[in-house]
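S.K.: Required output: the full structure, derived from the provided sequences and hints.
Below, each chain spelled out in residue letters.
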Amino acid sequence: MKGRKKRFQWGYLLLAPALGFILFLEGSALFMMIAQSLGFLNYTGEDAFTFAHWQQLFSRNFFDNLMYSLKIALLASLICLAVVYPLCLSIQKMPGKKTWLSLWKIPLFIPALIACSLMGNIIAYNGALNTVLLALKVIDKPLSLRNDAWGVGALLTQVWKNIPFMLLILYSAIEAVRKDVLDAGRNLGAGRVRLFFEVTLPVTMPSALVATIMTFIKVFNDYTISKVMGPIYPSTLSNLMHKAAYTLNDWHSAACIGCLMVVTSIIFVKLYTWLSDQITRRLS
Amino acid sequence: MQGNTNTKTVPSPARLTRKLLRILLPAAFILIFFAWILIPMAYTVLWSVTDPKAGWAYPNALPLGYSLDTWEYVFKFVKIWDPIKNSLLIALATTAVAFLFSLPAAYALGRLDLKGKSLIKNLILLPMILPGMAMAIYVGRVINRMGLSGTYAGVILAHCLGGIPYMLRVLIVGFEVVPQDILDAAANLGGGPGVRFREVYLPMIAPSVVSGGIFTFINSMEEFTMTFIIGLPTIKTIPTVLFSFLGESYSATRGAVVTLILLVPNLILLMIVEKCIKTEYMGAALGKM
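In the order they appear, the protein sequences are chains H and B.
Residue numbers for the first sequence follow the numbering used here, beginning at 1 and rising by one.
Residue numbers for the second sequence follow the numbering used here, beginning at 285 and rising by one.
Because the hints were derived from the structure by calculation, they are not lab data.
Note that the structure is a prediction, hence the values are computed from the model and not measured.
Using N, Cα and C, we set each Cβ at its ideal position, and we do this for glycine too.
Certain hints may be false.
[What the hints assert, rightly or not] Result set (DSSO-like, lysine-lysine): computed pairs, CA atoms no more than 30 Å apart in a straight line: (1) Lys-105/H <-> Lys-559/B; (2) Lys-369/B <-> Lys-179/H; (3) Lys-105/H <-> Lys-399/B; (4) Lys-93/H <-> Lys-405/B; (5) Lys-369/B <-> Lys-98/H; (6) Lys-98/H <-> Lys-559/B; (7) Lys-105/H <-> Lys-337/B.
[Claimed, not checked] Pairwise CB distance ranges, derived in the manner of DEER restraints: (8) Glu-198/H <-> Pro-517/B: 54 to 64 Å; (9) Thr-280/H <-> Lys-399/B: 17 to 27 Å; (10) Gly-400/B <-> Thr-280/H: 12 to 22 Å; (11) Lys-399/B <-> Asp-277/H: 42 to 52 Å.
M.R.: Written as structure tokens, this is what we have:
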């Protein structure tokens, strides 16, 4: 009993380098952020406890950026979901599906900035998209999609970058749908469409939700893609925060925005863990 | 089912359509794939060899002239070798430091019975969950307080923060799959903890070390926000150079060259990952968040 207890503590000691490092850096960063949002760590004046920065935060500017972040995140995750289902189903029927799957995974290893550069060339005035649309006479003037007011460029890049991640999660879920259930459905006379809506979709729904939430958080917190491809105004909250801190030197507002983003991320991760618990319970 | 076997001699229209679909569907799929992933890359290659004097603008569907001037420019005047060296150096150091930090914790989480294991595993995932820019700004403040802003040490520490979760997750899986009976056999034959670690654990976790290392390396190579906040202006890596060509001083040709410089090593690493690395490590690093 005594020996067991000793090993116990030794084990916690082993965690120290990795856990200590992460907790020290993240913890002190979070602490500084919260302190600064409440008026401490003032770089230019006196430290004072105040909620004034939180009260000033909720301006028109902030809500525009918030709505933009939510819009892009929601649309990107939903479009990805709508694309990934048919993609998974067709990959499943392809010869050499393993190769196709790994080829589709390529954008997962492509950094966000590179995705911007790649997509930027496609949606430019002389890019593939405009060239094809002009040749088909769908439009008679090239579309301006980079840094457009609505955010099509940013949305396209986000979809391009995030599809492989969703594919990874959803493909394994769709592969796991039991073949005998599908066969039973087919024997009972259900067509492909009906099989999809009544068997595959409900069974893979939890994974789809999880993948959607993860994509949502990633897009919501994004800085780079919106900065390079998105509209000048409004932009994501990360952009607003960076601008507040480094351009306007308003570190307290930046801290408030940071706190809000952390809280949003944690809420969505909680949702994620709750959902994945639900899935494991259903599977076992 | 029975009807199908009898239609061998006279192909029914339904059968013909199905046969046609079997050819058309893969063809369409391949086309979509090329359009989705390969056309952007092809355009980038075209941009990188576009002659800057001739240019390439609407309504020309293709560049007006080709030359390697931009490549020459980037290597001569942007001093791209420094960022390349910085990126590789920082990525290698990050991988090494992340490995050293993660190894004991991975052993503890993979092999020992610890209370609150799931809480610890969640805590380790914090850097993957928290918003990148918000954390970069304040981790940057912390590193600034330590007097490490704009130094290699500061950037490597910040990159480790992003790398350790990947490394740890993959290493934990590596330790978990070591069979207990081999360890018991080694212990029975008189192997102490040191021998067991060297002779049993190390060879058996080697594949996970390699895959964890590759994921950490890629993560560091593509890390932008941390370098942007902490490293600039003294330490430039390839992503920050690319950012300047895509943002502040927009240049499609130079951007394309830098894109290809960063893209090619990543694709090679991806191929290595796909070829050599077991799917369970891949899943551990990317799958369940």
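S.K.: Now tell me, hint by hint, if it's right for this structure.
M.R.: Hints and how they fare:
1. For a cut-off of 30 Å, the pair hint linking Lys-105/H to Lys-559/B stands: about 13 Å separates their Cα positions.
2. Simply put, Lys-369/B and Lys-179/H have alpha-carbon atoms about 52 Å apart, too far for the 30 Å limit, and the pair is violated.
3. Restraint check for Lys-105/H and Lys-399/B: not satisfied, since their Cα atoms lie roughly 37 Å apart, outside the 30 Å limit.
4. Straight-line distance between C-alpha atoms of Lys-93/H and Lys-405/B comes to about 37 Å, which puts the hinted pair past the 30 Å bound.
5. Of the pairs offered as hints, the one joining Lys-369/B and Lys-98/H is violated, with about 35 Å between alpha carbons and a cut-off of 30 Å exceeded.
6. Under the criterion of a C-alpha separation no larger than 30 Å, the hint pairing Lys-98/H with Lys-559/B is consistent with the structure, at around 11 Å.
7. A hinted pair counts as satisfied when its Cα atoms are at most 30 Å apart, and Lys-105/H with Lys-337/B does not qualify at roughly 37 Å.
8. A hinted range of 54 to 64 Å for the beta carbons of Glu-198/H and Pro-517/B is consistent with their spacing of about 59 Å.
9. For Thr-280/H and Lys-399/B, the hinted distance range of 17 to 27 Å is satisfied, since their beta carbons lie about 21 Å from each other.
10. One distance hint, 12 to 22 Å for the beta-carbon pair Gly-400/B and Thr-280/H, holds here, with the actual separation near 19 Å.
11. Checked against the hint of 42 to 52 Å, the C-beta distance between Lys-399/B and Asp-277/H comes to roughly 20 Å, which is inconsistent with it.
Of the numbered hints given earlier, the model fails hints 2, 3, 4, 5, 7, 11; all others are met.
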